[in-house]
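**Q** Each chain, letter by letter, is given below.
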Amino acid sequence: MSLAAPHRLDDDIGPASGQLSDLARLSTEQLSEIRHDLGNPLAAITGFAELLHARGDETTRKEATTRILEAAERLSLALEDILTLIALGSGTLVLHTEPVDLGTIVAEALAAFERTTTRHRPTDRRQEEWPRVEADAERLVQALRLVIDHIADAPSSEAAEIVAEQSDGLAIVSVTSARSDGSRLRDPAAAGAVGISVARALIALHGGRLRIEREPGQRATARCSVPLAVEARSHESASDPRRGR
Amino acid sequence: MNLPRILVADDDDSVRSLLRLTLPAGGVEVVEARDGEEALELISSHAPDLLLLDWKMPGRPGADVLAEVRRSHPTLPVIVLTADQAGSTHELAGALGADTFLTKPFSPLELLEAVESFLPELAGDQSLTDAE
Numbered sequence: 003m004s005l006a007a008p009h010r011l012d013d014d015i016g017p018a019s020g021q022l023s024d025l026a027r028l029s030t031e032q033l034s035e036i037r038h039d040l041g042n043p044l045a046a047i048t049g050f051a052e053l054l055h056a057r058g059d060e061t062t063r064k065e066a067t068t069r070i071l072e073a074a075e076r077l078s079l080a081l082e083d084i085l086t087l088i089a090l091g092s093g094t095l096v097l098h099t100e101p102v103d104l105g106t107i108v109a110e111a112l113a114a115f116e117r118t119t120t121r122h123r124p125t126d127r128r129q130e131e132w133p134r135v136e137a138d139a140e141r142l143v144q145a146l147r148l149v150i151d152h153i154a155d156a157p158s159s160e161a162a163e164i165v166a167e168q169s170d171g172l173a174i175v176s177v178t179s180a181r182s183d184g185s186r187l188r189d190p191a192a193a194g195a196v197g198i199s200v201a202r203a204l205i206a207l208h209g210g211r212l213r214i215e216r217e218p219g220q221r222a223t224a225r226c227s228v229p230l231a232v233e234a235r236s237h238e239s240a241s242d243p244r245r246g247r
Numbered sequence: 119m120n121l122p123r124i125l126v127a128d129d130d131d132s133v134r135s136l137l138r139l140t141l142p143a144g145g146v147e148v149v150e151a152r153d154g155e156e157a158l159e160l161i162s163s164h165a166p167d168l169l170l171l172d173w174k175m176p177g178r179p180g181a182d183v184l185a186e187v188r189r190s191h192p193t194l195p196v197i198v199l200t201a202d203q204a205g206s207t208h209e210l211a212g213a214l215g216a217d218t219f220l221t222k223p224f225s226p227l228e229l230l231e232a233v234e235s236f237l238p239e240l241a242g243d244q245s246l247t248d249a250e
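Protein chains in written order, with this note's numbering: chain A, 3 to 247; chain B, 119 to 250.
Simulated from the structure, these hints should not be mistaken for laboratory data.
We put the CB at the ideal spot given by N, CA and C, even for glycine.
Hints are not guaranteed to be accurate.
To be verified - Derived coverage of chain A by chain B (criterion: at least 3 residues anywhere in the stretch with Cβ under 8 Å from a Cβ of chain B; other residues may be distant): (1) 31 to 42; (2) 60 to 69; (3) 136 to 148.
As the list claims (entries may be wrong) - Pairwise CB distance ranges (calculated): (4) P218/A <-> E228/B: 37 to 43 Å; (5) E239/B <-> R117/A: 51 to 57 Å; (6) E75/A <-> T218/B: 40 to 46 Å; (7) L81/A <-> E239/B: 39 to 45 Å; (8) H191/B <-> E100/A: 42 to 48 Å; (9) H55/A <-> E147/B: 51 to 57 Å; (10) S190/B <-> D59/A: 35 to 41 Å; (11) P218/A <-> G145/B: 16 to 22 Å.
Put together the whole structure using the sequences plus the hints.
**A** Okay, here's the thing in structure tokens:
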């Protein structure tokens with residue numbers, strides 16, 4: 003896959019500097035999004051708990067228990083994202099990077115996505131083995147989970163797609179929405195959405211970039227690039243005669 | 119006998135499930151939409167008696183849907199569901215023609231009372247109040 007400039011680039015996320023302090027200044031729309039992300043799981047937890055209290059039938063018990071646990075997981079992740087946002091804004095977030103397997107990171111991000119939604123898990127379309135990258139595993143899982151959640155936002159009978167490639171010392175994970183209207187990204191207000199802001203800042207802290215491409219009527223794609231681990235970079239150079247040292 | 123038909127439009131499947139379970143089983147027909155576009159399609163095809171409308175949905179948000187509903191179905195009762203307690207949201211929804219609001223998290227009893235105010239034939243349901 004080429005890294006050539008897309009037809010139109012809506013979000014081109016540069017280095018972390020100059021980005022993080024902006025996170026502390028939330029817009030009205032972003033505050034509304036946070037209320038939404040907290041309010042929905044909270045509504046599920048309190049509502050289903052009341053139903054459990056009022057009705058003892060098996061259908062209610064099964065459904066309510068499952069939904070309460072799912073909502074608690076969502077609430078937990080939403081709180082983690084808000085705390086990360088605060089840490090990013092205050093400049094106190096420190097990464098602990100080491101060589102990690104990108105396949106494991108992607109699998110954990112997908113698993114976290116699946117635990118909190120009935121939306122389809124993105125289909126893995128990668129052609130090559132996942133490379134190793136230099137990353138803080140926990141934070142990269144969080145960033146990719148947020149990207150997947152954003153791109154695979156709309157309920158659909160089809161799944162989003164996820165692919166990986168390597169180029170110029172970087173691993174690139176691309177997530178493409180299932181439908182042309184299938185992600186929050188079709189919503190202009192979502193350009194500054196909290197989740198994607200946290201993801202882009204986390205990826206920038208890793209020395210990578212998050213690019214989002216979207217065109218009216220086209221599927222949206224998020225491309226996350228992260229530096230390869232040193233040994234993977236050496237392997238890339240050895241296997242590509244254009245990149246001799 | 120035709121049951122009253124309620125369209126639930128919310129992108130969050132947990133909230134849709136909560137609304138479906140709260141409404142009296144056998145007393146209403148529940149139709150579900152997962153986004154604003156689907157809600158408008160189902161309003162045209164299913165002619166609901168009441169719309170429960172989430173305010174913040176991806177793509178076509180509740181405000182868009184409400185404005186369109188008021189043009190095409192001016193008498194359809196609409197209960198707006200929102201996590202946003204900001205007065206501006208309520209003002210906008212009111213100006214666009216919302217009949218009432220429920221702020222998330224809401225109690226199932228609160229929901230039933232709101233629904234019964236528009237569909238009084240459901241008022242006999244005691245499934246949530248007889249448990250104790």
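**Q** Measuring from beta carbon to beta carbon, are E75/A and T218/B in 40 to 46 Å?
**A** Since the Cβ atoms of E75/A and T218/B sit about 31 Å apart, the hinted range of 40 to 46 Å is violated.
**Q** Could you check the hint for me, namely that E239/B and R117/A are 51 to 57 Å apart, CB to CB?
**A** For R117/A against E239/B, whose Cβ atoms are near 40 Å apart, the range 51 to 57 Å is violated.
**Q** P218/A and G145/B, beta-carbon distance inside 16 to 22 Å?
**A** violated (43 Å)
**Q** Please verify the coverage claim for the stretch 60 to 69 of chain A: does it have three or more residues whose C-beta sits within 8 Å of some C-beta in chain B?
**A** holds (count 5)
**Q** Evaluate the given range 42 to 48 Å for the C-beta pair formed by H191/B and E100/A.
**A** Because 59 Å falls outside the window, the suggested range is violated.
**Q** So does L81/A sit 39 to 45 Å from E239/B, Cβ to Cβ?
**A** holds (42 Å)
**Q** Determine whether the Cβ-Cβ distance between H55/A and E147/B falls within the hinted range of 51 to 57 Å.
**A** violated (26 Å)
**Q** A range of 37 to 43 Å was offered for this pair. Does it hold for the Cβ distance of P218/A and E228/B?
**A** holds (40 Å)
**Q** Confirm or reject the coverage of the stretch 136 to 148 of chain A by chain B under the rule of 3 or more residues with a beta carbon closer than 8 Å to the chain's beta carbons.
**A** This one is violated; 0 residues, fewer than the three required, reach chain B with a Cβ under 8 Å.
**Q** For the stretch 31 to 42 of chain A, does the count of residues with a C-beta closer than 8 Å to a C-beta of chain B reach 3?
**A** It holds: at least three residues are needed, and the stretch 31 to 42 of chain A offers 7 whose Cβ sits within less than 8 Å of chain B.
**Q** Given the hint of 35 to 41 Å, is the C-beta distance from S190/B to D59/A inside that range or not?
**A** Between S190/B and D59/A, where Cβ atoms are some 38 Å apart, the hint holds.
Hint compliance for this structure: hints 3, 5, 6, 8, 9 and 11 are not met, and every other hint is.
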